[in-house]
Amino acid sequence: MADSEISGKASFETIRYAQLWEDADILLMGLASAPGATLVSICSAGDNALAMLTLDPARVVVVDLSAAQVECLKIRIAAYRQLDHAGLLELLGSRPSDRREALFDCVVSTLPSASRAFWSSRRKAVIRHGLAGVGKFERYFRILRRYLLPLSHGRKTVDALFVSRSREERERFLSKRWNNRRWRLLLKVFCSRTALGWIGRDPSFFDHVEGSAADHVARRIVHAAVELNPSENPYLRWILRGMHDSALPLAYREEHFAAIRDRLDRLDIRPVALETFLATGEKADGFNLSDIFEYMSRETFEQVYGRIVAAANKGAHLVYWNMMVPRRMPEMFGSRVSRLTALERRGRAEDKAFFYSDFVVEEMR
Numbered sequence: 001m002a003d004s005e006i007s008g009k010a011s012f013e014t015i016r017y018a019q020l021w022e023d024a025d026i027l028l029m030g031l032a033s034a035p036g037a038t039l040v041s042i043c044s045a046g047d048n049a050l051a052m053l054t055l056d057p058a059r060v061v062v063v064d065l066s067a068a069q070v071e072c073l074k075i076r077i078a079a080y081r082q083l084d085h086a087g088l089l090e091l092l093g094s095r096p097s098d099r100r101e102a103l104f105d106c107v108v109s110t111l112p113s114a115s116r117a118f119w120s121s122r123r124k125a126v127i128r129h130g131l132a133g134v135g136k137f138e139r140y141f142r143i144l145r146r147y148l149l150p151l152s153h154g155r156k157t158v159d160a161l162f163v164s165r166s167r168e169e170r171e172r173f174l175s176k177r178w179n180n181r182r183w184r185l186l187l188k189v190f191c192s193r194t195a196l197g198w199i200g201r202d203p204s205f206f207d208h209v210e211g212s213a214a215d216h217v218a219r220r221i222v223h224a225a226v227e228l229n230p231s232e233n234p235y236l237r238w239i240l241r242g243m244h245d246s247a248l249p250l251a252y253r254e255e256h257f258a259a260i261r262d263r264l265d266r267l268d269i270r271p272v273a274l275e276t277f278l279a280t281g282e283k284a285d286g287f288n289l290s291d292i293f294e295y296m297s298r299e300t301f302e303q304v305y306g307r308i309v310a311a312a313n314k315g316a317h318l319v320y321w322n323m324m325v326p327r328r329m330p331e332m333f334g335s336r337v338s339r340l341t342a343l344e345r346r347g348r349a350e351d352k353a354f355f356y357s358d359f360v361v362e363e364m365r
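Residues in the sequence shown are numbered consecutively from 1, following our numbering.
For the record, the hints were derived by calculation from the structure and aren't laboratory data.
Backbone N, C-alpha and C define an ideal beta-carbon position, used for all residues, glycine too.
Treat each hint with caution, since some may be false.
[Stated by the list, open to error] Listed next, with one range per pair, are the computed distances between beta-carbon atoms:
1) Pro35 <-> Ala349: 22 to 32 Å
2) Asn180 <-> Arg146: 18 to 28 Å
3) Thr341 <-> Glu101: 43 to 53 Å
4) Ala58 <-> Arg146: 43 to 53 Å
5) Gly154 <-> Ala258: 37 to 47 Å
6) Ala34 <-> Asp265: 17 to 27 Å
7) Ala349 <-> Ala86: 30 to 40 Å
8) Glu350 <-> Ile143: 26 to 36 Å
9) Gly154 <-> Ser175: 14 to 24 Å
10) Glu282 <-> Ala342: 26 to 36 Å
[As the list claims (entries may be wrong)] Straight-line C-alpha distance at most 16 Å; calculated EDC-like pairs for lysine to aspartate or glutamate:
11) Lys74 <-> Asp105
12) Lys124 <-> Asp98
13) Lys283 <-> Glu363
Using the sequences and the hints, build the whole thing.
Below you can see the structure in the form of structure tokens.
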């Protein structure tokens, strides 16, 4: 079995991400696959693998070396099958609910015994925070939201951030009302590499990072709060309010609910590293690679990239993000892979998951 470099450094026994923090709208734009394609996706919490079903693929091969992350997808599949759209949003935590306990029990009762045991041990947390709120990364934002954000901004100011305004008005609001000294200090401490590593992600995820994480986040908040409309941003809403409310990630939107539910059997879930799939000899027409290259050394990145190229059909798109570690096509593959710069520019401009610095789309020749 092929192995993954990060598997020897980080723990994958708990839920690190209970929801996806990568924008499915620009992911699907980047994949641009025709119906009937074979697509490959990193699982994480499963939201973007579900979103990829709206492209009408023949199958989506979903891989992840974390059994906990795979369980996040399995319970979502059961929820799509058992609940209506409103119930799904309440169970996820996207909307408030006074019946989440009953929704949880209804969905979990249909799962295999191992999955039932996994989720039963997290029952209280799901009822309190929703399925999308029980990961390490979401807990990190909950600490920010409950204990630190009130030191810099009151509820009225937070609510005011999500009022729809012109770009000029958003810029004025950020500079005059939001970006005060206490907020800047909060970012410097809570978004440091140490805090992000131990409370939010995993320390090993920053092995190849250079520069200040806090400075990076501060720059990207300008993109989210000024260049984009915060009132339409589900990721910013969850960070500051603890729910998505009216701004939903693609897989949670009502207009996609029926299509996703009808195509759930096209998900081919494999609890293995991407490298294991690449060693099977199977071919794919598109890859959602999340930000996995950031966790690899340059040497490992080039090796894995070469295996992806070998597993990709002509015309396949590779879509991935960089946050603080620059990773792009190694020069040795320049004759076989093209950069789709127009799609990249559009994706970066529209990316609501604002903390990423780069959005990459490459096509096999």
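Taking the earlier hints as the rules, which of them does this structure contradict? Going through the list in order, the structure violates no hint and respects every one.
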